[in-house]
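Asker: Given next are the chains, with one letter for each unit.
There are 2 protein chains.
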Amino acid sequence: MNRVSQYRVVFYGLGEIGIRALRLAIGCEGISVVGAVDTDEEKIGQDLGTLAGLEQRTGIAVSANAEGVLSASGPDVVIHTTNSLIEEITPQIQGIVSAGVNCVSSAEELFHPRPDTHQQFEAIHEKAVRHGVSVLGTGVNPGYVMDGLPLFLTKTCEAVRSVKVERVVDAATRRMPLQRKVGMGLDPDEFIKLVKEHKMGHRGLLESMYSLAAGLGWDLEKVEEKVEPVVAKKRVRTEFFTVEAGQTMGMKHRGYGYRGGERVIILDLRMFVGPRQPLDRITIDGVPPIVVTVKGGIPGDDATASILIHSVPSVVDGKPGLMNLQRMPFIHTMFSQIPERSRVE
Amino acid sequence: MNRVSQYRVVFYGLGEIGIRALRLAIGCEGISVVGAVDTDEEKIGQDLGTLAGLEQRTGIAVSANAEGVLSASGPDVVIHTTNSLIEEITPQIQGIVSAGVNCVSSAEELFHPRPDTHQQFEAIHEKAVRHGVSVLGTGVNPGYVMDGLPLFLTKTCEAVRSVKVERVVDAATRRMPLQRKVGMGLDPDEFIKLVKEHKMGHRGLLESMYSLAAGLGWDLEKVEEKVEPVVAKKRVRTEFFTVEAGQTMGMKHRGYGYRGGERVIILDLRMFVGPRQPLDRITIDGVPPIVVTVKGGIPGDDATASILIHSVPSVVDGKPGLMNLQRMPFIHTMFSQIPERSRVE
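Residue numbers (our numbering), protein chains in the order written: chain A, 1 to 345; chain B, 1 to 345.
Just so you know, these hints were derived from the structure itself, not from any lab. Model, not experiment: these values are computed from the prediction. Among these hints, one or two may not hold up.
Chain copies aren't distinguished; within one or between two, either way the pair holds.
Claimed, not checked - Subject to a maximum C-alpha distance of 25 Å in a straight line, what follows is the list of computed DMTMM-like cross-link-like pairs (lysine to aspartate or glutamate):
#1 LYS233 / ASP189
#2 LYS193 / GLU225
#3 LYS181 / GLU244
#4 LYS164 / ASP302
#5 LYS295 / ASP268
#6 LYS226 / ASP187
#7 LYS199 / ASP170
#8 LYS226 / GLU190
#9 LYS295 / ASP285
#10 LYS199 / ASP268
#11 LYS295 / ASP170
#12 LYS196 / GLU228
#13 LYS181 / ASP116
#14 LYS319 / GLU126
Please model the complete structure; the sequences and the hints are all you need to start from.
Answerer: Okay, structure coming up:
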């Protein structure tokens, strides 16, 4: 390993994902956990070992005072897992950046700018550049299955016409908050109403869409997003919910990106109880065509925690600013247009 | 696209792979082809458009004088595709580096150091650093299917016990030199003799092995390599060969890497006529386990040409020195050891 030494890490947010990443970090010889921030009254003052469910204590207690923790512990990087929405996390991220600390965040909206979040990205980017630190939004989805992995696969293609990503998840195997987010047990009309209020559904589909398009050098002329309930035909039970026939037992969340009047990006996320075949499948209509299947699909929360930890070196050593797949050097698509000769093949 | 402008590229070596990459480069708006080098008497003086099989001429003629071409054309990068062996290419690479030009090469032995090529790597690395340029050995195999892609997939794992990569190729679909390299039409004893003399078989399996191990932070205590002929049971025909029953119609080339007495890396390359199911399959025994299948397998030569071209920006903008997957920032494995608690899961 090319390790400089140990990375000093502060955890900011100790919900499900934060705790999973914390457990990995405590077991990782390349990381020294030096502080933790959370505003939950039940967690403040608790030892990280206890929160992580370990027998040993770490000697590090949770504090609600982010500024104090950052200045006292002198971390290289913060692992930030408080919230999905850029509006809500911006003050937190700016506080981290102002303290001169790099940041890896699981916030879905921090993964890639949408047209309506572009300004907030620019503001964070400029501040990060000014303070000489890097910020990365990442995770399994967005951040890997529907964007990073397909882009990595296009590295073998000389031309790409369209990209389709399907992710089929058995929602019954997932944690409670996720089951709630896919509408488990709701009346379908109620689900549709909550979707319209942006209170339901997967966060990050459009972020994946714009990241893919940017990686492929494509300007999308139109983007569509559709969320539908999957309705139970008979009673089904999960660990956390009992869903009666006629109620919502999950959702289909699809995104379409258009170019030249054609659908060139299709993102198809299905999360419900008992799908026949959970999987991730990436279909690249290109030269050559590529079809890749991940058996069972990449497990969501575990993979996000791993990706957060694995991202530490690239963020600490990265160029100052707000990173994304395009600003990170592992994707390089030289061909923004399909050459004419390929169209006729 | 984040393009600075056009990359000025010289082609060094205009065999099968070089010509494929050249065709892509001519069609790529981000690249300007500014020169070409080959020692083949038949190619010297010819226009690149003619060699690439295009109707238009490019005004650039092939020259045998590498030094002259490099100093006259002022390229950003050379795409080098002359030979597999580090001994043979070292003078060429050093010439390119001494001219202050970056280099992307398809030479299999330049992909990753083996214990017996380590010194040559260090010499090239030091020279490249001194001249402020980057050198990268890459391609589909080694460079992608058996190393880069599996490492990219481990980014979702918190621990990895073993990695197995299978690549099954229908040799009948491949170009003539490759069919010859897998022993097509030879007497099996002759094939085995030529394998012992290193005149037969796939180049780069050990490079993939050491790259994978380095990416995972593993020191291998032992490495084994086995090459066997696949013998035809009845007469088979390809575009280039007729193979009688009892003759070689391809090969199995396997590599095993050991750690703690266990096989932790298995590379299994099968190239012969008419396999039941051509594919690439990556099986990661880890937390979580990951099984990924590429239907039909990634097409070899086309993918190598694409990867060479896609690598141009990262090499031109890269840190000076000899790059490899570990020196490139897209792979970061923080966990070199399987945590104890994962072993019992």
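Asker: If a hint holds in the structure, say so; if it doesn't, say that too.
Answerer: These are the hints, each one checked on the structure:
1. In this assembly of identical chains, LYS233 and ASP189 lie within 25 Å of each other by CA distance solely inside one copy; the values are 16 Å within and 64 Å between copies.
2. In this assembly of identical chains, the alpha carbons of LYS193 and GLU225 lie at most 25 Å apart only when taken from the same copy (15 Å versus 61 Å across copies).
3. In this assembly of identical chains, the alpha carbons of LYS181 and GLU244 lie at most 25 Å apart only when taken from the same copy (17 Å versus 63 Å across copies).
4. Taking CA atoms no more than 25 Å apart as the test, LYS164 paired with ASP302 passes in both settings, with 24 Å inside one copy and 21 Å between copies.
5. Taking the shortest alpha-carbon separations for LYS295 and ASP268, both the intra-copy value of 16 Å and the inter-copy value of 20 Å come in at or below 25 Å.
6. For the identical chains of this complex, LYS226 and ASP187 are intra-copy neighbours only, at 18 Å inside a copy versus 61 Å across copies, given an alpha-carbon limit of 25 Å.
7. Only within a single protomer do LYS199 and ASP170 lie at most 25 Å apart by alpha-carbon distance; the minimum there is 21 Å, versus 51 Å between protomers.
8. In the homo-oligomer, the alpha carbons of LYS226 and GLU190 lie at most 25 Å apart inside one protomer (16 Å), although the nearest pairing across protomers, at 62 Å, exceeds that limit.
9. Taking CA atoms no more than 25 Å apart as the test, LYS295 paired with ASP285 passes in both settings, with 21 Å inside one copy and 13 Å between copies.
10. In this assembly of identical chains, the alpha carbons of LYS199 and ASP268 lie at most 25 Å apart only when taken from the same copy (19 Å versus 48 Å across copies).
11. In this assembly of identical chains, LYS295 and ASP170 lie within 25 Å of each other by CA distance both inside one copy and across copies; the values are 13 Å within and 24 Å between.
12. With identical chains, the CA atoms of LYS196 and GLU228 are at most 25 Å apart within one copy only, with a shortest distance of 11 Å there and 62 Å across copies.
13. When the C-alpha separation of LYS181 and ASP116 is checked against a cutoff of 25 Å, the pair qualifies only within one copy, where the shortest distance is 23 Å, while the shortest distance between copies is 55 Å.
14. Proximity of LYS319 to GLU126 under the C-alpha cut-off of 25 Å is found in both arrangements, the shortest distances being 12 Å within a copy and 24 Å between copies.
In this structure, every one of the numbered hints holds.
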